[in-house]
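Protein chains in written order, with our numbering: chain E, 1 to 412; chain D, 1 to 252.
Since the hints were derived computationally from the structure, they do not count as laboratory data. Only a predicted model underlies this, so the values are computations on that prediction, with no experimental measurement involved. All the pointers check out, no bait thrown in.
Listed below are the simulated SDA-like cross-link pairs for lysine to any residue, each with C-alpha atoms no more than 25 Å apart in a straight line: (1) E:Lys42 <-> D:Ser111; (2) E:Lys179 <-> E:Gly152; (3) E:Lys99 <-> E:Gly140; (4) E:Lys42 <-> D:Pro155; (5) E:Lys227 <-> E:Gly152; (6) E:Lys18 <-> D:Gln206; (7) E:Lys42 <-> D:Asp152; (8) E:Lys18 <-> D:Ile129.
Only some residues are given here: those of chain E computed to face chain D with a beta carbon under 8 Å: (9) Pro22; (10) Arg39; (11) Arg330.
Pairwise CB distance ranges, derived in the manner of DEER restraints: (12) D:Gly146 <-> E:Ala375: 53 to 63 Å; (13) D:Glu25 <-> E:Val300: 51 to 61 Å; (14) E:Leu394 <-> D:Gly146: 41 to 51 Å.
The C-beta atom is built at its ideal place from N, Cα and C for all residues, glycine as well.
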Amino acid sequence: MTATEQFARTAPAAPSEKLPSPARLRPRDILAVGLSGLRGRKLRAVLSALGIAIGVAAMVAVVGIGTSSQAQLADQIAKLGTNLLSVGPGSNFAGAEVKLPEDADGMVQRIGPVESATQTGKTSATVRRTDKVDSRITGGIQVLAARDNLLGTVGGKLRSGRFLDPATGRYPGVVLGAKAADRLGVDAPGGQVWLGDQWFTVLGILDPVPLAPELDSSAMVGWEAAKTYLGFDGHPGNVYTRTKESAVEAVRDVLAPTVNPKSPNEVKVSRPSDALAAQLAAKDTFNALLLGLGAVALLVGGVGVANTMVIAVLERRQEIGLRRALGAHRGQIRTQFLTEAVALAGFGGLAGAALGGLATYGYATAKGWPFAIPAGALAAAIAASALVGAVAGLYPAARAARLTPTEALATG
Amino acid sequence: MTGAEKTLVPTQFGGPDTEVITLSEATKTYAGGLTALDHASLSIRQGELLAIVGPSGSGKSTLLNLMGTLDRPSSGTVRVLGHDVATLSDRRLSAVRARWIGFVFQQFFLSPHLSALDNVANGLLYHGIGHSNRRERAAEALERVGLGQRLDHRPHELSGGERQRTAIARAVVSRPRIVLADEPTGALDSASGAAVVDLLRELNAQGTTIAVITHDGELAASLPRRVRIRDGRVTEDTGLAGAAPGGLGVGA
Ligand SMILES: Nc1ncnc2c1ncn2[C@@H]1O[C@H](COP(=O)(O)OP(=O)(O)OP(=O)(O)O)[C@@H](O)[C@H]1O
Ligand SMILES: [Mg+2]
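Kindly produce the complete structure, drawing on both the sequences and the hints.
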């Protein structure tokens, strides 16, 4: 055979030229090649990114709504102030209520850092819409004697009308808390309600008072009027005081002995803003649960991306073969499919972050809250999606890289 | 080959007796136990234009895959410019394909989403050069194959013959040392097939070494050298028959 003879004659040629060295793709080309697979398969890309998007949107919305509501609470606390202290009868004396001295607010006022002090006292009167209503049906509304400076000290606001003042405080006039007004069916001042055993004119209606919610279901009459018309004994049940912000704890310590020197243990001193602060802390546990659900959705989305990539590798064997023929090495094929998976999941993450942000914005706006999402959470959500994409792309990319060029090209 | 044409062979790559690809006793046995190529020996020198012919299933594509380093032989050696393919890593071998070998396939393998220009520019993708540089050279290559007016056309906006010429432009854009074409006219009507063959001749005249598989006996007969394969064996090689010892296998 001539061929064999020919090769018997010629010695194997020595390498006549230096081998070309492998080239690296530029970052821009890596990205372009990675994204090229998503072209022309847009619907599929969108669908497989959707799972990721939903997971991320859920997580971002949970974090965003939580943050916004906390921002709202924090705003509210800041606005209401954390320097209100309230003194009330001790809880273990539910029946036999402690009688505080009539001048309790005056005594508190004399404590150095105190800015204002006021008090309310329970009367035995009931309030009804008319005298025809049974006196036993109180609607849970208590009638309180109140000082004229009550509203300013507890930080309450009038919804309409006006509050008690030295003049009206002597006459049968009443200011209704928000709930009390609702229950009595009173929506504007000017009318009359049956209080004790005579008509009282409604002077004003309050908005809910966040730091003294007990006032919401109360009907407040002037201190002197309560004594004159309702047989009020003049002993306060609650004392409220605003102190210098820096001295809240110090004042808190001396408050009980000040108002009730005989048995300071029988009164309960509280800081109403603490209840709101506790709400701030309580939101966290709720968040953790929903965040977990979002994370599960994200993982399920990752499975979707992996599935899409496995199919992509099967479908695109010829493309892989062509790229190998054009000089791509295994690592470059692997990088291409990994990039594609990360891009797919990353787009999902971006869309999800936008969606979650939008949902948060809508919810916060509807609730009248400030809109707040921590930027770190957004970045973390997108990074987590990209990571999920990388993990999801690992196996399909390895499969693509394992194909030999001929195997890849051979598939019809 | 005339003297004028000879000067177009890039001289920095060594003389026309440089062996671009050399197979010695190359055998390929597939997983099923089928021996598609049986102790085949073949040497292609710079500047050659040769046809590989043979009946269907005789092992032509297998031979081309081994020559193009797309596959490795089960035994025997394949050398590209003297380098034994068996000793090269995947990265090295891929670089060899990127720089030295251009492929043309019967099915074109053009990306439907890319313009002719970008398809051709992809022939330089794995050279690590910049995008605009790739496109510039791609435009030149399309000019060379007569498609200077079709740069922005997508494959579906091109005729079959134009698609194959685009694929040829992609194969030659990197100025490879050899172009391997597996039935490049197989999917074309005779007129566009003839145009593609004319193009291959022209490229060869300008210095490109080309090996082309074909079923077309007339076409094969018109080429300077023919290698015939049957049952995985090289049964005829006109290049060797007509060649003076150590001389050129072209121009017979
Ligand atoms: N990957 C493979 N695994 C197993 N057998 C294969 C494989 N590829 C090719 N063959 C077999 O090897 C033999 C040679 O195939 P090859 O593709 O080289 O033929 P060919 O000459 O190119 O044929 P055609 O003219 O039809 O393209 C055939 O019998 C084919 O079935
Ligand atoms: Mg074939």
